[in-house]
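If you read the sequences in order, they're chains V and W.
Counted from 1, the first sequence has number 418 at position 418 by the numbering used here; the numbering is strictly sequential.
Counted from 1, the second sequence has number 1469 at position 469 by the numbering used here; the numbering is strictly sequential.
No wet-lab data here; the hints were simulated from the structure.
Hints may contain errors.
[Unchecked claim] With a Cα cut of at most 25 Å, we get these calculated SDA-like pairs of lysine to any residue:
| no. | chain 1 | residue 1 | chain 2 | residue 2 |
| --- | --- | --- | --- | --- |
| 1 | V | 442 | W | 1232 |
| 2 | W | 1169 | V | 670 |
| 3 | V | 336 | W | 1228 |
| 4 | V | 437 | W | 1419 |
| 5 | W | 1169 | V | 442 |
| 6 | V | 336 | W | 1014 |
| 7 | V | 442 | W | 1204 |
| 8 | W | 1156 | V | 57 |
| 9 | V | 437 | W | 1197 |
| 10 | V | 442 | W | 1014 |
| 11 | V | 437 | W | 1205 |
| 12 | V | 336 | W | 1231 |
| 13 | V | 336 | W | 1427 |
| 14 | W | 1162 | V | 670 |
| 15 | V | 437 | W | 1546 |
| 16 | W | 1162 | V | 544 |
| 17 | V | 618 | V | 670 |
| 18 | V | 336 | W | 1200 |
| 19 | V | 437 | W | 1025 |
| 20 | V | 336 | W | 1357 |
[To be verified] Just the calculated beta-carbon pair ranges, DEER-fashion:
| no. | chain 1 | residue 1 | chain 2 | residue 2 | range |
| --- | --- | --- | --- | --- | --- |
| 21 | W | 1537 | V | 137 | 30 to 40 Å |
| 22 | W | 1510 | V | 137 | 17 to 27 Å |
| 23 | V | 137 | W | 1508 | 51 to 61 Å |
| 24 | W | 1478 | V | 79 | 55 to 65 Å |
| 25 | V | 503 | W | 1159 | 57 to 67 Å |
| 26 | W | 1379 | V | 465 | 46 to 56 Å |
| 27 | W | 1458 | V | 111 | 49 to 59 Å |
| 28 | V | 386 | W | 1004 | 15 to 25 Å |
| 29 | W | 1537 | V | 79 | 45 to 55 Å |
| 30 | W | 1535 | V | 145 | 50 to 60 Å |
| 31 | V | 336 | W | 1535 | 34 to 44 Å |
| 32 | W | 1004 | V | 628 | 15 to 25 Å |
| 33 | V | 133 | W | 1161 | 29 to 39 Å |
Just so it is clear, the structure is predicted and the values come from calculations on it, not from any experiment.
We put the CB at the ideal spot given by N, CA and C, even for glycine.
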Amino acid sequence: MTSLRVAVDIGGTFTDLQILDESTGIAHAHKVPTTPADPSEGLITGIREACATLGVGPERISAILHGTTIATNAVLQRRLPEGAVITTAGFTDVLEIGRHVRRQVYANRAEQRALLVPRSRRFGVIERVRADGAVETPLDEASVRAAAERVRASGATAVAIAFLHAYANPDHERRAAEIVQEILPDAFVSCSHSVSPEIREFERTSTTVLNALLMPVVKTYLSRLKGRLADSGISAPVYLVQSNGGVTTPEIAGEQPARLLLSGPSGGARAAEVLAAELAEPNLVAVDMGGTSYDVSIVHDGAVRLVTQGEVDGLPVRLPMIEIRTIGAGGGSIAKVDETGRLHVGPDSAGATPGPVCYRRGGEEPTVTDANLALGRIDPGYFLGGAMDLDADGAGRALIDRVATPLGLEAGAASEGVVAVATARMAAAIRLSLFEKGLDPKDFALISFGGAGGLHACDTAAEIGASRVVFPRDPGTLSAWGMLFGDVVHDLARSRLMRADPAAIPGLRAVVADLHDEAEALLARDGIPEADRGHPVTLDFRYPGQAYEIGVPLPAGLAMPEALDQAVAAFHDAHERQYAHAERHVVPEVVTVRMAATGRLTRPGARPFEAAPDGRPKGTRPIRIAGSEREAAVWDRAAMGAGVGIDGPAIVEEPHSTLLLPPGWRLTVHPTGALIATRIAKEA
Amino acid sequence: MDELDPIQVEIIRNALVAAAEEMSVTVWRTSRSAVVREILDYSISVFDAHGRSTAQSAAMPVHLNSMPACLDEILANHIPIEEWNEGDIIITNDPYAGGQHLPDIQTFKPVFLDGQRIAIAGILVHHLDVGGGAAGSYDASATEIYQEGFRMPPLKLAEGGKRNEAVIKLLLRNSREPVNVGGDFASQLAALDTGVANLQRIGRRYGPATLAAAAERIQAQSEAAMRAAIARIPDGTYHFEDFVDDDGIERDRPLRIRVALTVAGDSVTVDLDGSSPQAVGPVNCTLNMTRSAVICGVMMALGADVPANAGCYRPVTVKAPEGLVVNARSPAPVANRMATGHRIVTTVLGAFAEAMPGQVPAAYYGVSYAYALNCFMADGTRRVYFDLECGGWGAHPEEDGASAFSCGFHNIANAPVEMLENTLPVTFTEYALAPGSGGRGRTRGGLGLSRAFRLDAPEGAFAANLERFKFAPYGLAGGEAGQPGRLTITRAGSSVAEDLPSKVSGLKVARGDVLRLQTAGGGGYGPPAERPRAAIERDRAEGYAETSG
């Protein structure tokens, strides 16, 4: 009997679906317009349409994996309830003080920093826990009651409780939460020890505040979704995609919605990880170039890189997540020349409205897309598969008036310059992402997706010294496809500063056992069979006094002194690789013990791919490249059969993206359906 | 490609900035001490083959604008460029050879490609302790630089790739914190190598000639942007003065900083003649430090988004007669040069406010709140708690000043209370905004903050180099001054907070004593009577306005 696993990725414009037939391993792509007012509406429409297309009933769906930007958008658009903070007396301003970090050192006006809970709704209570978890001042319950009454008076409906050193001893937070919940039974309450049990009070408080404010938002959405699914006869379990690339249940997502922040690009990164295995390319830089931004994530040794902190709208989110470096470079990035004759490309963007000049929506400033059009790299009649007729003349004029003339260049050189500067910025972002981990770009291939990326990928690869670029199949729904591979993951952590020597072993054992119990309880609640549970442990090490830690796995199935010794040795190695020096005579410290409590879901099998018969180019057109006009073959991607090899310059078109193969590159079809561009000459 | 096109300039600029950023990442993630690790007290600059700054990683202007002058000084008077060979590292921390104060150790490494020098990589790191009379090398009682720590004139730390380990041993032997300083120093040198490798790659990619031409163009563009911004200011000479409380030794003698700002076409001259004679205590600035503060003030006043490099300095002439607090003669002590440095910045900004009314904010808190508590542990070991803080930003004509906002001049981050308590014998009792500290005005100054901590070790010695206890951050256009700072100690068992002066050295602290620092708020802008009703109500509702007890 056919059963279907459905992955849904809800973007700003489209809701992308991948429907996996679990018996055959074949996945089908589907796209419907996003319904911004209630995204679950588009989701249901997409599932219904897809089921109809496949001729199966919705009762055949075994699981729905749901990627959502609902949490992120609620923060960015401030569609959040009024919140309050209860914290250790004397420290109620921690949230407002922040870390003082500023980006523009000479600016004489302050940068605006988001503050989600104002001073009048932050309340101190009498209590104090020390760094080692010992209680210095017991919790004064009367002061908690008084704070709760003030929360009530303020009208706030979401409460973040964040006490100093609660990661080391959560008792005070737990008791305070009970009291607050007693007094305010309808309030949404989040405690820092359960949301982000890690050292550094500002980051932990910030994460807890975001979590508390998002609880009603996400819970409301999920209950509406539940209703719609029931109405549609779908009883399959729903899993939400988290920032760490794993999935979680609606129950957990409702309690810990901060885990959904920054989950947007994680499907694509997860897809890159799967493709790394399929293509036997263990080291990949995944780049996603859209209209305004360029997202970079790294797959190294076959695994996507995670970090322990990210930010949304400048607010820190201290949770494990897939590492994404984002810069303001996309098709809509604006090119302009300043009064000293400098050409800037981005980070300002024309976005979708007014958009590039060529969109005919009132945009006057030339963009990267306009430059690509002027260079002949985009076909004005085949944008979005011909759905939008582009204004090539307008784009050309804007580039001449605003770039070529002020720089004293001819039109073609100016347009190439715009593309080259954008490419240089993207390459610098990739280099920095690799560099800070001590990785060498030459060991990596690029994998490019997103609507605007195909035109820049080969040049960007050349710029960083990489010689292969992968263009995956179904790039338009790649992110949804990646979600099909998500496991249930609960990231658990305990910050406990200890010297990594034999004396630490009893304490470490206790922490790991404690995490293990917590993991088991969560995975049991999720209904994960015991055989499918995993408990990998990571230790975050640093040399005493360092500000940042490196996570190293604690080898599983190894007895204690050896396991710790191996982890310490691995830390020294990682430090040396990353930072060019290690201090092997120094005993490092463990700062945080992490466990990724994992419930393995059945994995989709390999995607069968049947190559089209070898076709022919649909024509040629002149493009400008490397300073001269060249006649480039133009292919439909669908016409690229297994035996086709193309030499640049060439253009490959598909409905939502265009791929530029520069001279010196050769493009072939991999048996899995991906296109692989290989650099065959240093320069054409 | 022989001819330099504007596209290539931009691409090379991008590559040079990326090289500086990659060096910065190396220091940031590998350093050991709290100063570097959480406070980010270091700077990176990439110079062209002649030693002219071309790209910087955005960090700390006080350093950035000082490194180029230090390099100039080294090249002119110590180690001429012909003697810089491949594999050499030049090091100094000598304030009288282009440095600022002893904890700032500057290192430079020439970058060679096929035997030709194509660039110089430079890094300055503030080290936790380089000896001297007090922990952190901040001896507020020093009257000569010899009391301030270990001094290295410009010399070669490495020659032809071979490092002189003796220099490092000497340095570490003279430090109270050899492990941390050793770790930070290793980071500093690793980052230099990162820079060299990157600059070689860039040189190979574009060719030395193109790289050199692009560097000149990049500097010329910044110079042009500065000149364009200056040309918009009416010509004339504008005066302003402000005061440093005292030097910590002669406590009743305020130090005057006087600025005559002359705008002539597209250049400015900042003349500090008329400022006080050099101080007995360590608040003196070397001329290089003064120049760096003036440049920072000029760039902040112009508010122009100009990439900082050697071109920015060309339209600015700095004059300061020798023997003044703004151009001290050796061996005057300089450890707390930031007291005067910040005041130079606020005075320059004040002069610009005269020249371009309505465009420059009122005074910010104007001091690096540097303090150090040397903790004597029961087992005989010592632990140094060193910290820096900031205060309120000045009100801008169009908006309130930000609270607890770091001035770009020193651009510090704060250290998390939980991190400090995990590693040091201190317990914090307060970290909060200081209500009422922002100067009143049509727009209000930002709030300062308060930070209080208790010593948990048997005893300790406290030193502080603070400012703005007597001369508050000025308001503009009828706005009131921000509230000055305050430092108190409440002895264990007592409930009385005793006031301490702004400069403290060797203060004995016992277990249970609580030290509390309150930093200054920013000045207000415009008459307080013109403050909108809604803003007044918001201040009251949020508790920004009430004065603290």
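- So which of the earlier hints does this model not fit? 1, 2, 5, 8, 13, 14, 15, 16, 18, 20, 23, 24, 25, 27, 28, 29, 30, 33
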